[in-house]
Structures are given as structure tokens and as C-alpha cells.
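Undergrad: One-letter residues, chain by chain:
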Amino acid sequence: MPTLVGVYDSPQHVAETVTRLRGRGFAKLEVYSPAPFDEVEEAVDPKPSKVRYFTLIGGLLGVVTGYALTIWMSLDWPIVIGGKPYAAIPAYTVIAFELTILFGGVFTLIGLLVIGRLPSVKLDPAYSARFSGDEFGIAVEVPERDVAEVDGLMRSHHAKEVGIVPA
Amino acid sequence: MTAADVTAGRVSPRPIPTALLGACLALVAIGVLAFVVGLASDADTAWRAFHVNYLYWGALAQGAICLSASFVLVGARWPGPLRHLAESLGAWVPLTVVFFLIGFLGRESVYSPWLHGPPPGKEGYLSAGRLFWMDLGILVWLAGVSVAYLYYSFRPALGGVAAAGGGSGLLRTWASNWQGDDAERERCGRKLQVLAPIVCLSFTFGWSFIAFDQVMSLTPTWFSNLFGAYFAWGGYLSAVCATALLAILHQRSLGFEGQITKDRLHDLGKMIFAFSIFWMYLFFSQYLVIWYGNLPEETQFLDARLGSQFMVDKSGINELQLSQTWAMEFFWERLKEPYAKLSMVVWACCWIVPFWVLLGQRPKRMPVILGSVSAISLFGFWLERNVLVWPSLVPTDTLAFLGFVQVGIAAGFLGAFALVFLIFSRRLPSLPAPQKS
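Chains as they are written, first to last, in the working numbering: chain A, 1 to 167; chain B, 168 to 604.
Hints are computed from structural coordinates only; laboratory data are not their basis.
A portion of the hints provided could be inaccurate.
Derived Cβ-Cβ restraints for the label pairs, each shown as a range [what the hints assert, rightly or not]:
| # | chain 1 | residue 1 | chain 2 | residue 2 | range |
| --- | --- | --- | --- | --- | --- |
| 1 | B | PRO534 | A | LEU123 | 44 to 52 Å |
| 2 | A | ARG130 | B | PRO534 | 22 to 30 Å |
| 3 | B | ALA243 | A | GLU39 | 19 to 27 Å |
| 4 | A | PRO46 | B | LYS508 | 40 to 48 Å |
| 5 | A | ILE95 | B | LEU200 | 51 to 59 Å |
| 6 | B | PRO534 | A | GLU39 | 21 to 29 Å |
A virtual CB, placed ideally from N, CA and C, is assigned to each residue, including glycine.
One chain only, chain A, in its complex shape (with noise of 0.2 Å):
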């Protein structure tokens, strides 16, 4: 199938073509952005990112993680610090804490380079540089018959310029 890419000038745009696209049932498509943008990634996808559930994995891993070390260290060498108990909660939330937040964090860069496929080593042929500048991109994967459509539908929503890549 044919890839059609659409230049754009303004975000606002690219959102409306992205949502037309999308209504119209083209869905492998790819947006190219020199910034996030809100309206673009609303249309792009609209549900909430898949890297949360990392993200929430890795958090509560930090938090089991850190009681769980902590309660086990003190058990297994058994020694009475300031009258304290063995397995002092209190003292070890701080500990499971901080590991929540590394696990969270660490993870979630995890997610981020899984989900979006990071990194990669082979440009996308529908990419040019201009679109880490000041113009944004869509790329769509149309079959033959629909090309004229869609070419007239990116230009309808202000595309400067329509182009087929090459394969």
C-alpha cells in the first residue's frame, strides 16, 4: 500500500486531519511533531498510554521491594537499634518510599523505550528532517484506490503539501 505524507503548518491542523483520517477508518497512520502538542496526541490516540501500567507495575515492586528487604535484613540478623522493634515500619517506609519512586521511575523509562519502540536505528522513509523544525507530518498507509481521497482530505484541512513516499 502506498504512503501518503501531509506537510502542516499548525497543530491545530494536523489534529483535525488526524481525527478525520481516523473516522474515515485509515488507522496506520504516524504523526510527526517538532513538539507534544495536547490536541495532537488526543487525536492521535485518545485512550491513556499502556506506559502507566509499567509505570504502576514497577511502583508497587519498589514498595513490596523495600519493606521486604528492609523487614527480611532485620530478621535475619536480629539486633535491637534504640528500642526500636526488629521490623520498624515507620523507619522502613521511608526506605519502600524511595524505592517506589526508583522502581516507578526506572520503569516507566522502561515502558517508554518498549511502547514507543526506542531506540530506533533506521529513520522511517516517510520522515525528513523539517519535521524536527517547524512543520509537523502525517504519514498515512492508504491503499491505491483511496489515495486521491485522502490527498484531497489533507489538503481540505490545510496541508501545505501532499507527497507519496517512495517504497
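Given chain A, work out where chain B should sit, using these hints.
TA: Positioned in the frame of chain A, the structure of chain B alone reads:
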């Protein structure tokens, strides 16, 4: 009055619904009755309940002005009409001075732990004269700054009143010497920029000292530098919750249609979520060092509220139990100590519920959920003020804060606060209809 009578950015006085007015007046009547009955039957209880409610509503109202001032300070545009809603809660602030003066008449009941014999070394600070003049000064200063802040915040919306030459009382006074819309907006904006940091600092320092003097001193041998900030933060957070609740109640109010957007509720939800964590953090950071130090002069305050299971208390514990103090059965056993369960309810209302319910994005945007969490938090903070005061005065009876007199006085304060809010937000000067955005 119809939507056509409302002009964006202008105050729009409207009648107070009779049912609401009647309910508020009924609550005030119940409060007055309960207070009078209380004074005749058990004056100590009546004055203590009065003290708790005066503190709760006072800190909330001043926190609301501080909330608005923080919006101004950071140049926040997202709150839109929420800023004036928060300010309307602050109309109560001048009354706090009156309630302090009334409450001081009951000093024998409230400050009994030190009034006639402060602990050695604290005689200079813990004296009725010092407390009266210093706290009166603080509250008068806060009232003055708050009224000035309200004046400059509402003044640009009074153009219509000035043009019509009408209005009465406060409205006419506030609208006098009108110099034109643009000039007033510019002048008042500049004044607010100056007043906002003053309001925030005054609230923080002022209510910290009021917390030291009027709450912490009730256990006169205990001290905590953080307590003032913790108490003031409770007031600020309850103001955010009250603003969220009012925003939801104003969703269909005249001129507010479409203005209490899901985005705005989402932002308020984020504030409640984050600030409740900070509230718990303030508590925990103080608790941890007290727990670690395990000095009787420090642990007494938390021991009287949370019970001994949260302290290192080895009396009657053998070596095996010591190693298991984190086990659940031990925990439940010690919850039977006075006020321990009540303190758990406070944690649940002020932190556990806001944290877990508002963790996701969707609950923050749903008025029913955000409104319920706000109401639960507000109730939680009322309980918390009770937990801070009562155990110092009645250490053994968990339910000392409940009873006809206590609940009646609380109802009276609720009615009076709602009445002041309604008068300010609907009559004098009334909320400006939001600019459509």
C-alpha cells in the same frame, strides 16, 4: 432574572433561594440554642466545641483567600471563575475576629491545661494576656489584608453598579470613585500583584502562630516546630476541597453554564490529590522523628491520639512480641485505646480516600466523584480539628466531641458560614458572571 440580565465580567446580584436561606437560618438557630443549652449544662464542652469550629472555619476561609492569592501569584489563567468562588469563601475571615473574641470568654474551659500554671520555663509565652493581644493582632491583620484583597479582586467587576449609580451598602462603597473599566482593571491588577504574596505569607505565619497558641498549647509540655505549618496546610487543603465542591454545585448556576469544565475540575482534582499527599507527608515527617527519638515529652501528643501502637512502647512486651510489632493482631488490639480509631478515620478521609480515588484521570473529571471526595475530605478535616483539640482536654473519652451540644454548635457554624457565603456570592457584591473562554 434571566441569562440575558447577566453580563460577562460584571457582578450579577440575585436573590438567595428561600429554601437555602431558611435552612441556613435554621442551622444557625440550632447552633445558638445548642450553645446556650451547653453553657447552662456543661460550659466546658460548649466552649471547646465552639473553639474547634471557630478554628476549622477560620482556617478554611483564610486558606481560600490564600488559594486565590496563589492563583494571582503564579498568573494562573486556568481557574477562570473558580478564583472568585474561592474568594467568596473568604468573606468569613473578618468574622473570625469576632468569634475569637467570643471564644476568649471561654478561656477557662479551653486553655485550662496551662491558664493557671504553665510548665516551668514557658510562663512568659503561655499567658492569657500575651495570647489575647498577639492572636487578636494576627487575626485583625489577616482580616484587613483579606478585605483589601477582596476589594481589589471584585472592584473591576463593579463597573455596572457604578454606571447605574445604584447598589446599596457595601456594593456602593466598593464601586465609588469609578475611573473606567480599563483603568480600574489595570490599577486593581497591580494592587493584587502586591497583595497576593502578602496574603500568602500572612496566612502561613499567622495561622502557624494561631495553631501554636490555640491548639498546640493545649498540651503545654509538647512542642513541634512543624505543627503550625501542618495546621495551616490543613486549612489550605480544606479550602481547595470547598472550592471544588462549590464549583460542582455552581455548574448550572446563572452565568456559569459551561464554565465549570471538566478540565477545570481535573485541575482541582490534581490539586486535592497532590496536596493531600503533602498533608500526609508533613504529618509523617514529624511523626518519624518523634517515633525515632521516643522521648516522652515528644511522644505524648501522638500517643494521646494515635494510641501506643504507633509509638515504641515496650511495656509488657516480650522479646518475641517486640520482633512482631508490625503484625496485624497487635495493631488491632491497640486500636482500642482512646481516639485511635478516630485518628484512623481522619487519615482515611483526608488522605487514603483522596489518594486512591483521585489517582486516575477519569475520577478527577467526574463531578460526582470529585464532589464526594471533596465532601469526605472536608468532613475529615473537621474531625481532624476535633482530634487535635479534644484529646488534650478530655484524654479518656473518644466521643467527647459528639453530643447534642457539640454537633449543634457545629451545625450552627456550618449554617452561619453558608449564609455568609450566600450573601457575599449573591448579594454583596455577588459573583461576577465568568468571561466566556
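Undergrad: Take the hints in turn and mark each one as holding or not.
TA: Status of each hint after checking the structure:
no., hint, result
1, PRO534(B) with LEU123(A): 44 to 52 Å, "holds, 46 Å"
2, ARG130(A) with PRO534(B): 22 to 30 Å, "violated, 44 Å"
3, ALA243(B) with GLU39(A): 19 to 27 Å, "holds, 21 Å"
4, PRO46(A) with LYS508(B): 40 to 48 Å, "holds, 44 Å"
5, ILE95(A) with LEU200(B): 51 to 59 Å, "holds, 54 Å"
6, PRO534(B) with GLU39(A): 21 to 29 Å, "holds, 24 Å"
Comparing the model with each earlier hint shows a violation of hint 2 alone; every other hint is respected.
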